[in-house]
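Taken in sequence, the protein lines are chains A and B.
The first sequence lines up with residues 69 to 349 when you count with our numbering.
The second sequence lines up with residues 69 to 349 when you count with our numbering.
Heads up, some of the hints might be wrong.
Since copy identity is lost for identical chains, a pair holds within one copy or between any two.
[Unchecked claim] PhoX-like mimics (lysine-lysine), calculated; alpha carbons at most 25 Å apart, straight line:
no.: 1; residue 1: Lys338; residue 2: Lys323
no.: 2; residue 1: Lys304; residue 2: Lys104
no.: 3; residue 1: Lys93; residue 2: Lys107
no.: 4; residue 1: Lys338; residue 2: Lys305
no.: 5; residue 1: Lys308; residue 2: Lys319
no.: 6; residue 1: Lys269; residue 2: Lys338
Derived by calculation from the structure, the hints in this document are not laboratory data.
Just so it is clear, the structure is predicted and the values come from calculations on it, not from any experiment.
2 protein chains.
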Amino acid sequence: MNITVIGLGLIGGSFAKTLKGLSAKNRLIGSDLSLKNEKKALALGLVDECLPFEIAIQNADIILLAIPVDVIEKQLPFILDKIKDSQLVIDFGSTKLNISKVVKTHPKRPNYLAAHPMAGTENTGPDAAFAGLFNKKILIICDKELTNEVLLEKGITVFEKLNMEIIYMDSDAHDRHIAYVSHLSHVSSFMLGITVLNMEKSEKNIFNMAGSGFESTVRLAMSSPEMWSPIFLKNKKNVKQALSQYIEQLKLFEKSLDEEDGNSLLEFMKRANHIKKALNK
Amino acid sequence: MNITVIGLGLIGGSFAKTLKGLSAKNRLIGSDLSLKNEKKALALGLVDECLPFEIAIQNADIILLAIPVDVIEKQLPFILDKIKDSQLVIDFGSTKLNISKVVKTHPKRPNYLAAHPMAGTENTGPDAAFAGLFNKKILIICDKELTNEVLLEKGITVFEKLNMEIIYMDSDAHDRHIAYVSHLSHVSSFMLGITVLNMEKSEKNIFNMAGSGFESTVRLAMSSPEMWSPIFLKNKKNVKQALSQYIEQLKLFEKSLDEEDGNSLLEFMKRANHIKKALNK
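Please construct the entire structure, taking both the sequences and the accompanying hints into account.
Written out as structure tokens, the structure reads:
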């Protein structure tokens, strides 16, 4: 199978590397706006060859878009214009509704599969890619009824080879839920990082005093700004709602602390402890 | 050496277990208000025996207090009343100024060593204890000039056996810095947990959609309410300041998002990325 990966960062690179490792029959073609990324991806053996975008998509059975969500939104209609009936285009963007809207009436809409893998690390670029990133991870497929059945099956077969667990949702619900379960975490972590950096001018105290708890909470603050800025903007309505509820919650905590209301603090934390059950820990 | 550990949870239990494993000459005596915890600690081999509090402290070379900070504040003066000149009392509380104040003029003040290990997990109780929790972790010793030199050396020898890296600070600076580098992380994580739980009534979506990023950010929301409520209250002034700066930062982000100011969002995240350097990642 010929598989083209557009965008050779953590996600695209890991997808390519895993599939290349699974079968010698998989031919992986990469394409990235950055020549440096293409060279690295080749050197690391993530792909078999790199080709210019328009050539790379010509003969691929599957084309994966692992690029920022605003770029997916712009490029997807043009890609669909160019492909043949047998080709499948999958995107791995973290927002889905904006993308679904721009291809809604496209005649090749059935050739597109909207997907979002719940996998990633705070690291970026081809160097961060590794086989197994998607192993046992959730993959959310959106609006599956809008994809041609045969092509959907083809996509699912690949995801199953990656050992992913598939769940289904519509784009609108995806964006609402993901704002809470992923996007808000990133906002909270980015802003926590800034708050602490503002206080600790020297950075030495952070390094000396940071325990594993702080590191865990602030890990996402190391994520790629270029990837996350479009995600927040494209999911603005839902992220704003989640963020404003988060700020309200923090203010409630602040009030209880101000009033030295130990019982109320205890109740907040006991409620928060339920996340353990939700995460099945 | 006879070592008494008051409080057989994650911290006290791990301290006891590690020292017991290091030398057969270390005799570990435990004491906990919960009989269940004492039984578990014995069953798990964390300590050699459990004794009632007043007896447990009688013949110990070192007494470690691994109990909530409000209880340390209450109990420490009484313990100092009872001990002999050769005995050393160490506390591992996460706030230091409140405790230092209540023993400031105590005639046995030189027998007390204020310490805070930057180590822990979100798990609690004797079951969570493990040898090696303190390995290569930072230990902050506060106000070392107020501890008798010989006893200070005795304490340091133990911490070095645990393979900890020691830094020194006064109680006031400790509480100010730790509010940012630890206490604020916990508030942000607890409240993030509640915000998401409020949105996702069924908990099923959380379980299905939570990636490793969300888990990392919300990990501290599983921490012990009984331990954390007194920490927040005893470090109220500093936690309030950190929290209000965090809320301000989140509001700045909210404003930029509302105005769809992509450049400003990028700048925030690039600034936050510096935490990587601060953590030496």
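Structure-based check of all given hints:
1. Lys338 / Lys323: within (17 Å within a copy, 31 Å between copies)
2. Lys304 / Lys104: Classified as neither: same-chain Cα gap 32 Å, cross-chain 50 Å, threshold 25 Å.
3. Lys93 / Lys107: within (23 Å within a copy, 59 Å between copies)
4. Lys338 / Lys305: Classified as between: cross-chain Cα gap 23 Å, same-chain 30 Å, threshold 25 Å.
5. Lys308 / Lys319: both (16 Å within a copy, 10 Å between copies)
6. Lys269 / Lys338: between (34 Å within a copy, 16 Å between copies)
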